[in-house]
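S.K.: Spelled out from the first residue to the last, the chains are:
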Amino acid sequence: MNESIHIFEQEGEVLLLDINSGAVHVIDAMVRDILSVFTGENDGEVLEKLTGQYPEAELREALGELHALMEAGELFAPDINVPPTFREQGLVKSLCLMVAQDCNLRCKYCFGDGGDYGMGRAVMSEETGRKAVDFLIKSSGARRHLEMDFFGGEPLMNFGTVKSVTEYARQREKETGKKFKLTMTTNGMLLTDEKIKWLNDNDFALVLSLDGRKEVNDAMRPDVGGHGTYDRIVKNFKRCLASREGGDYDYRGVYTFLRGTYTKKNLDFTEDVLSMNDEGFSILSVEPVVSKNPEIGFTEADLPRIYEEYDRLTHAYMERHRAGKGFFFFHFNMDLSNGPCVAKRLSGCGAGHEYFAVAENGDLYPCHQFVGREGYRLGSLDEGVTNTELPAHFRACHVLNKEKCRSCWARFFCSGGCHANADLFHGDIYEPYEVGCAIQKKRLECAIYVQAMLALEKQERETAAEA
Amino acid sequence: MKHIKTVNKPTMQKTLKTGGCGECQKN
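As they're listed, the protein sequences go chains A and B.
Quick note on the numbering used here: the first sequence kicks off at 1 and runs consecutively.
Quick note on the numbering used here: the second sequence kicks off at 1 and runs consecutively.
Isolated chain A (complex conformation) (with noise of 0.2 Å):
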């Protein structure tokens, strides 16, 4: 088969992917059969090998169709080389402030080491969090939209640090013509109806922690006494989202997301995201914890069990969807027409380059899982990046770039994965996480499954609509 292709069966329609150009077709058992041998050329050839299958005018006929997606550039696009957009130095745009390297609870997963990253327990200063605001501003160039995620550990834990800077970066606002999003990593516990107000007056996106089902998240989020949170936690998530109704924070982007972790102990977490949905929360996420530890990690032996699960999931989001009760889920929200350019496809995350975590002391890290890793300290907020040579190399660090990701049929969606995985597992950065990849390519498969149809039923209402 064509290397520029990926086809795949979801549900059982038959779906292909023209990796170079992103289309998506869905077609018949037959034209899978052709593209088994069709390059683009030898029509012939196809036509020796199946007409004992297939009627000859059927092929002929699909073959048509084969060449007219080609000559619209949708089918066997050319391959893409790394675009002159993709600037060879990357500005920082986004930071992750550890306002709290402490934490109230004790997640049996935490890669932040109970929320320390094994440096001790501590806050951020309002100083640190100031200087933060203005080396972001300083480091941006001309960049406009700037981000800024309030991170821990348990950033509630520090408040007063979290006001000070939020109300710094307005005024910087002001007086530089830049435009901060805020966002909000929190486990809830401290979430009082005062902070809500706060935070929903300062336009703050919510990523709230929950694990699904109350079974799941309490044995996995405890907190520091060892007790199940999930009553407390939910009780203050409703409240929050119930808040938030009438207003047009979604509109605007200021999402307020549900955000959980399935390990190996919940292999069913399709209960777990219609748990949620079933709570009310309709913004949700779940995603595969990233461990070494063999009672709650994944190995390669559980990656089947994991793809039945998705293609449950998948079966229960499309149910939902068609009865107009549907809810977002984040990895299954894929822009198949208007995704975004090469140059960020390439870029990713900009762990490294583009993404910055500051640690409560001021130091720079790649990102928020780097926090504390040995020989990935950048430089600090004083000093500036005295490290030049690892942005460089997480900047150079890009699918294009990486032996196992240059032929892969995802590297136009995934952007190579998560790097701090890759260094975990394999202590290289350019050395991906297999585990990590397969299930990626998992989800992108249901990701593309549900957008096409989704696409082609709303097509077909309107043509229904028109006759």
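Keep in mind the hints are simulated off the structure, nothing from the lab.
Glycine included, every Cβ here is placed at the ideal spot set by N, Cα and C.
Be aware that one or more of the hints could be misleading.
No more than 30 Å apart at the CA atoms, straight line, and that leaves these computed lysine-lysine pairs for DSS-like [said to hold, decoys possible]:
(1) A/Lys174 to A/Lys163
(2) A/Lys174 to A/Lys197
(3) A/Lys441 to B/Lys5
(4) A/Lys325 to A/Lys214
(5) B/Lys9 to A/Lys402
(6) A/Lys214 to A/Lys195
(7) B/Lys17 to A/Lys179
(8) B/Lys17 to A/Lys178
(9) A/Lys264 to A/Lys235
(10) B/Lys17 to A/Lys441
(11) B/Lys17 to A/Lys402
(12) B/Lys9 to A/Lys325
(13) B/Lys14 to A/Lys178
(14) B/Lys17 to A/Lys181
(15) A/Lys402 to B/Lys5
(16) A/Lys49 to B/Lys2
(17) A/Lys131 to A/Lys181
(18) B/Lys17 to A/Lys404
(19) A/Lys195 to A/Lys174
(20) B/Lys5 to A/Lys49
(21) B/Lys14 to A/Lys458
(22) A/Lys197 to A/Lys402
(23) B/Lys5 to A/Lys458
(24) A/Lys138 to B/Lys17
(25) A/Lys181 to B/Lys14
(26) A/Lys404 to B/Lys9
(27) B/Lys2 to A/Lys441
(28) A/Lys404 to B/Lys14
(29) A/Lys292 to A/Lys402
(30) A/Lys325 to B/Lys5
(31) A/Lys458 to B/Lys2
(32) A/Lys458 to B/Lys9
(33) A/Lys108 to A/Lys138
Between beta-carbon pairs, the in silico distance windows are [what the hints assert, rightly or not]:
(34) A/Gly246 to B/Glu23: 22 to 32 Å
(35) A/Glu41 to B/Glu23: 35 to 45 Å
(36) A/Phe330 to B/Glu23: 15 to 25 Å
Could you slot chain B onto chain A? The hints should help.
M.R.: Using the frame of chain A, we list chain B on its own:
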């Protein structure tokens, strides 16, 4: 088309020349 249903009109190739502004949070 009888055998193939195309579901999108992607702009990825176009962005080889026009992308890279870094303002994403044009296409």
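S.K.: Please go over all the hints and tell whether each is borne out by the structure.
M.R.: Evaluation of the provided hints:
{"no.": "1", "hint": "A/Lys174 to A/Lys163", "result": "holds (17 Å)"}
{"no.": "2", "hint": "A/Lys174 to A/Lys197", "result": "holds (23 Å)"}
{"no.": "3", "hint": "A/Lys441 to B/Lys5", "result": "holds (23 Å)"}
{"no.": "4", "hint": "A/Lys325 to A/Lys214", "result": "holds (23 Å)"}
{"no.": "5", "hint": "B/Lys9 to A/Lys402", "result": "holds (28 Å)"}
{"no.": "6", "hint": "A/Lys214 to A/Lys195", "result": "holds (25 Å)"}
{"no.": "7", "hint": "B/Lys17 to A/Lys179", "result": "holds (26 Å)"}
{"no.": "8", "hint": "B/Lys17 to A/Lys178", "result": "holds (26 Å)"}
{"no.": "9", "hint": "A/Lys264 to A/Lys235", "result": "holds (27 Å)"}
{"no.": "10", "hint": "B/Lys17 to A/Lys441", "result": "holds (27 Å)"}
{"no.": "11", "hint": "B/Lys17 to A/Lys402", "result": "holds (23 Å)"}
{"no.": "12", "hint": "B/Lys9 to A/Lys325", "result": "holds (27 Å)"}
{"no.": "13", "hint": "B/Lys14 to A/Lys178", "result": "holds (28 Å)"}
{"no.": "14", "hint": "B/Lys17 to A/Lys181", "result": "holds (27 Å)"}
{"no.": "15", "hint": "A/Lys402 to B/Lys5", "result": "violated (33 Å)"}
{"no.": "16", "hint": "A/Lys49 to B/Lys2", "result": "holds (21 Å)"}
{"no.": "17", "hint": "A/Lys131 to A/Lys181", "result": "holds (17 Å)"}
{"no.": "18", "hint": "B/Lys17 to A/Lys404", "result": "holds (26 Å)"}
{"no.": "19", "hint": "A/Lys195 to A/Lys174", "result": "holds (24 Å)"}
{"no.": "20", "hint": "B/Lys5 to A/Lys49", "result": "holds (24 Å)"}
{"no.": "21", "hint": "B/Lys14 to A/Lys458", "result": "holds (25 Å)"}
{"no.": "22", "hint": "A/Lys197 to A/Lys402", "result": "violated (46 Å)"}
{"no.": "23", "hint": "B/Lys5 to A/Lys458", "result": "holds (13 Å)"}
{"no.": "24", "hint": "A/Lys138 to B/Lys17", "result": "holds (27 Å)"}
{"no.": "25", "hint": "A/Lys181 to B/Lys14", "result": "holds (28 Å)"}
{"no.": "26", "hint": "A/Lys404 to B/Lys9", "result": "holds (28 Å)"}
{"no.": "27", "hint": "B/Lys2 to A/Lys441", "result": "holds (29 Å)"}
{"no.": "28", "hint": "A/Lys404 to B/Lys14", "result": "holds (26 Å)"}
{"no.": "29", "hint": "A/Lys292 to A/Lys402", "result": "holds (24 Å)"}
{"no.": "30", "hint": "A/Lys325 to B/Lys5", "result": "holds (27 Å)"}
{"no.": "31", "hint": "A/Lys458 to B/Lys2", "result": "holds (19 Å)"}
{"no.": "32", "hint": "A/Lys458 to B/Lys9", "result": "holds (15 Å)"}
{"no.": "33", "hint": "A/Lys108 to A/Lys138", "result": "violated (38 Å)"}
{"no.": "34", "hint": "A/Gly246 to B/Glu23: 22 to 32 Å", "result": "holds (30 Å)"}
{"no.": "35", "hint": "A/Glu41 to B/Glu23: 35 to 45 Å", "result": "holds (41 Å)"}
{"no.": "36", "hint": "A/Phe330 to B/Glu23: 15 to 25 Å", "result": "holds (22 Å)"}
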